[in-house]
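Colleague: So the chains spell out like this:
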Amino acid sequence: MSEVLRGAFFLLFVRPVLLFMLGAHVRGRENLPVKGPAVIVANHNSHLDTMTILTMFPMRMLPLLRPVAAMDYFMRNGLMAWFATRIIGIIPIVRGGHAAGANPLAPCEDALDRGEILIIFPEGSRGEPEKLQQFKKGVAHLAKARPETPVHPLFMHGLGKALPKDSVFIVPFNCDVAVGEPFFWNGSIEVFMETLQARMTALASDLHVTPWD
Amino acid sequence: MSWISDFFSTPVHIAIGAIYALLILASIISFTFRKLNPGDAATELSKRVVSWWWMITVFTIAIVTNRVVSTVFLGLMAFLALKEYFSLIPTRRVDRTILLYAYLAIPVQFYLAHVGSFGLFMVFIPVWMFLFMPAAITLRGDTEGFLRAVGLLSWGLMITVFALSHTAMLLSFGNRLSYAAGPLLFLVALTELNDVAQFTWGKLFGRHKIIPKVSPKKTWEGFVGGVLTTAAVATFVGPYLTPMPMLWSAGAGALIACTGFLGDVTISACKRDLGVKDASSLIPGHGGILDRVDSLIYSAPVFYHLLHYFYGVWPAGMI
Numbered sequence: 001m002s003e004v005l006r007g008a009f010f011l012l013f014v015r016p017v018l019l020f021m022l023g024a025h026v027r028g029r030e031n032l033p034v035k036g037p038a039v040i041v042a043n044h045n046s047h048l049d050t051m052t053i054l055t056m057f058p059m060r061m062l063p064l065l066r067p068v069a070a071m072d073y074f075m076r077n078g079l080m081a082w083f084a085t086r087i088i089g090i091i092p093i094v095r096g097g098h099a100a101g102a103n104p105l106a107p108c109e110d111a112l113d114r115g116e117i118l119i120i121f122p123e124g125s126r127g128e129p130e131k132l133q134q135f136k137k138g139v140a141h142l143a144k145a146r147p148e149t150p151v152h153p154l155f156m157h158g159l160g161k162a163l164p165k166d167s168v169f170i171v172p173f174n175c176d177v178a179v180g181e182p183f184f185w186n187g188s189i190e191v192f193m194e195t196l197q198a199r200m201t202a203l204a205s206d207l208h209v210t211p212w213d
Numbered sequence: 001m002s003w004i005s006d007f008f009s010t011p012v013h014i015a016i017g018a019i020y021a022l023l024i025l026a027s028i029i030s031f032t033f034r035k036l037n038p039g040d041a042a043t044e045l046s047k048r049v050v051s052w053w054w055m056i057t058v059f060t061i062a063i064v065t066n067r068v069v070s071t072v073f074l075g076l077m078a079f080l081a082l083k084e085y086f087s088l089i090p091t092r093r094v095d096r097t098i099l100l101y102a103y104l105a106i107p108v109q110f111y112l113a114h115v116g117s118f119g120l121f122m123v124f125i126p127v128w129m130f131l132f133m134p135a136a137i138t139l140r141g142d143t144e145g146f147l148r149a150v151g152l153l154s155w156g157l158m159i160t161v162f163a164l165s166h167t168a169m170l171l172s173f174g175n176r177l178s179y180a181a182g183p184l185l186f187l188v189a190l191t192e193l194n195d196v197a198q199f200t201w202g203k204l205f206g207r208h209k210i211i212p213k214v215s216p217k218k219t220w221e222g223f224v225g226g227v228l229t230t231a232a233v234a235t236f237v238g239p240y241l242t243p244m245p246m247l248w249s250a251g252a253g254a255l256i257a258c259t260g261f262l263g264d265v266t267i268s269a270c271k272r273d274l275g276v277k278d279a280s281s282l283i284p285g286h287g288g289i290l291d292r293v294d295s296l297i298y299s300a301p302v303f304y305h306l307l308h309y310f311y312g313v314w315p316a317g318m319i
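Those protein sequences? They're chains A and B, same order as listed. For the first sequence, this note's numbering assigns the number 1 to the initial residue and increments by one for each residue that follows. For the second sequence, this note's numbering assigns the number 1 to the initial residue and increments by one for each residue that follows.
Check each hint, because a few of them may be wrong.
Claimed, not checked - Across the chosen pairs, the derived CB separations fall in these ranges:
{"hint": "1", "chain 1": "A", "residue 1": "168", "chain 2": "B", "residue 2": "130", "range": "24 to 30 Å"}
{"hint": "2", "chain 1": "A", "residue 1": "59", "chain 2": "B", "residue 2": "310", "range": "51 to 57 Å"}
{"hint": "3", "chain 1": "B", "residue 1": "115", "chain 2": "A", "residue 2": "29", "range": "40 to 46 Å"}
{"hint": "4", "chain 1": "B", "residue 1": "28", "chain 2": "A", "residue 2": "47", "range": "46 to 52 Å"}
{"hint": "5", "chain 1": "B", "residue 1": "65", "chain 2": "A", "residue 2": "106", "range": "52 to 58 Å"}
Unchecked claim - In silico negatives: residues of chain B with every beta carbon more than 10 Å from chain A:
{"hint": "6", "residue": "49"}
{"hint": "7", "residue": "57"}
{"hint": "8", "residue": "69"}
Think of the hints as simulated: they come from the structure by calculation, not from any bench. Every residue, glycine too, gets a C-beta built ideally from N, C-alpha and C.
Build out the structure end to end from the sequences listed, making use of the hints.
Modeller: Structure follows, in structure tokens:
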């Protein structure tokens, strides 16, 4: 039932609104995964980030796409939790969970084992719009646990202007998306994080980024 | 086959038929060129021709359906042009709300055009929005970059929304003259024809550059060839699509060609300053909406005023 609702929500609402208000221009679309399991690593500026990535895939792949999101933010109340897990399709994880001893990435590993495509924002939160924050290392631990899963870097510009944190209305802006070639776990957490950082910086430098201050 | 003769019963429909005939001819030329001379230039040309099919079809549906659909379509065109402009210019975070006000001016302006409220139509953006936006920016309390923000936002709203809304205002002549979408089709078809003609004449005979720093491909040969071609076509179609006789139509064609050129190079200067080649990549082979309507930005207001003040057609139900 919620699969149908999810499909209808994206087909009839999210896709038309995003097309009209944002009109994402995607470079390197051929680098997007065509099947799971896979991990998409993206920068995070806005709630529109998740929506934009979800609409870059054909509708039939929607059931495979699972954004990874913070449990404390999205599971605050029943309605929000229902919407986040059933309609957006998030996998909720505990922020800072490794301190408690359990593996906070277990739900993500299970999803990859089911052949799903994870969408991960390693900046952790949306932060200052259009400013790249320090990446957190969870994604590297996930790559280490599933070394055969491809990691696709994806950089977005403009969505933080359209709907920044703490804003309630969308101001239309064209946005740019650049998708890079996938890479794999390469032996150490530090080297993996350096590779990821370098890939994202390279993608960002390909886009025409207009000042926003 | 009576529906065919029904369809071609008005000058607008016959003109649309002729445009499609030209399009078929262009497709045959493009196809032959690609067969004889495959390469990047041929691919680019064929992308452009395919996009022309799309644009002409959408425009045709928009103008033959009814006036509400036409006006909404023209408003959407202005919206996309303004969105491209706002996405290219440097903006301040504090001005986000102001940008939203600018977007909200679009439905108001096109509604005023739709009801033929000429007085308000003429002052809403150049006076009201012009005064309101700097005041709203001031009340946000950040004076650093104030003048730049005011200049960028006001100019953008004028060139995209105000200038392009004259296309919708042209439809208000319809009720009075039973020409319906005639003047609009005349303006848009000749503006685009002039773009293509200036490009083609320039490619064939272009020698002397007009303003190499802004637009290195613009030549006097292309410009003169475009003006003559556009004026010649206008002479024959003007009497059918507009209330003007042949001589006035020829003048209107030449005016559309000259102002179209000015619009084209002005938007080129704007893009050059911003360091981009195209305003977006919405239309394959053409760039963005702003790249396609650049000539119309100048030709629409001037053609409107030619008809209204100098030829003396007044909008129906003017208030």
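Colleague: Against this structure, judge whether each hint is valid.
Modeller: Here is how each hint holds up against the structure:
1. 168/A <-> 130/B: 24 to 30 Å: holds (28 Å)
2. 59/A <-> 310/B: 51 to 57 Å: Once the Cβ atoms are compared, 54 Å apart, the range 51 to 57 Å for residue 310/B and residue 59/A holds.
3. 115/B <-> 29/A: 40 to 46 Å: holds (43 Å)
4. 28/B <-> 47/A: 46 to 52 Å: holds (49 Å)
5. 65/B <-> 106/A: 52 to 58 Å: holds (56 Å)
6. 49: Nearest chain A Cβ is 22 Å from residue 49/B, so the label holds.
7. 57: Check passes; 19 Å lies beyond 10 Å.
8. 69: holds (17 Å)
Checked against the numbered hints given earlier, this structure breaks none of them.
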